[in-house]
Amino acid sequence: ETGVTQTPRHLVMGMTNKKSLKCEQHLGHNAMYWYKQSAKKPLELMFVYSLEERVENNSVPSRFSPECPNSSHLFLHLHTLQPEDSALYLCASSQDKRGTDTQYFGPGTRLTVL
Amino acid sequence: AQSVTQLDSQVPVFEEAPVELRCNYSSSVSVYLFWYVQYPNQGLQLLLKYLSGSTLVKGINGFEAEFNKSQTSFHLRKPSVHISDTAEYFCAVSDQGAAGNKLTFGGGTRVLVKP
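These protein sequence lines are chains A and B, in that order.
Per my numbering, the very first residue in the first sequence carries number 345; after that it's consecutive.
Per my numbering, the very first residue in the second sequence carries number 37; after that it's consecutive.
Source of the hints: derived by calculation from the structure; they are not laboratory data.
Restraint ranges, calculated between C-beta atoms of paired labels, are given here: (1) B/Ser120 <-> A/Ser406: 40 to 46 Å; (2) B/Pro151 <-> A/Pro427: 34 to 40 Å; (3) A/Arg454 <-> B/Thr41: 22 to 28 Å; (4) B/Asn97 <-> A/Leu371: 20 to 26 Å; (5) A/Pro427 <-> B/Ser45: 22 to 28 Å; (6) B/Pro151 <-> A/Lys385: 29 to 35 Å; (7) A/Leu395 <-> B/Ser64: 27 to 33 Å.
All C-beta atoms in this analysis are idealised placements derived from N, C-alpha and C, irrespective of residue type, glycine included.
So that you can see chain A by itself, here it is in the shape it has in the complex (with noise of 0.2 Å):
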């Protein structure tokens, strides 16, 4: 496999469960990226790793909870969602976290909370 990939592409789970999305990335990069896209509201910056270090934390509620275990694997796992947290999540990763460098995104995980 090349580039990004995200898997499960769709998932629907209730406000109770616990839940994760998995982001691996097959480009050698050192940055990854976790961005949420709602219907209504332009796309947001989640989380950013570096080196396997978080970087960024845009303020992301604690029911999101990301891990990344090494340079090319990016979990972000769930619970206790609410109903509102329902969007596509997108991955991505680039060379290095400079802003010159080109983010590449995975297809994305299509969440509907119940």
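For this one, chain A is given, so just place chain B on it according to the hints.
Just chain B, lined up with the frame of chain A:
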């Protein structure tokens, strides 16, 4: 803090006609500028970016954009569109001085190419 405004939420256009997508940004610092495209059921893909130098930037699939610092704009153009250009287009900026590669996106412009 930065913000990005894409003035048109939807742009219908006939095949082989030109298209221009408008993007204006607001920032107190120098920025880098990007255009991304999102095809249905896919993630975002970079079309082009402006980092420095010539203000006219050429990207993939025949797209180009012009950086205008005085008007804080970065409009995207294509002289002749194809059906396959139907997609959503996002303008984004990143702060040149920021420690992390933080992109701020506009709300997106949906382009519908009609035969």
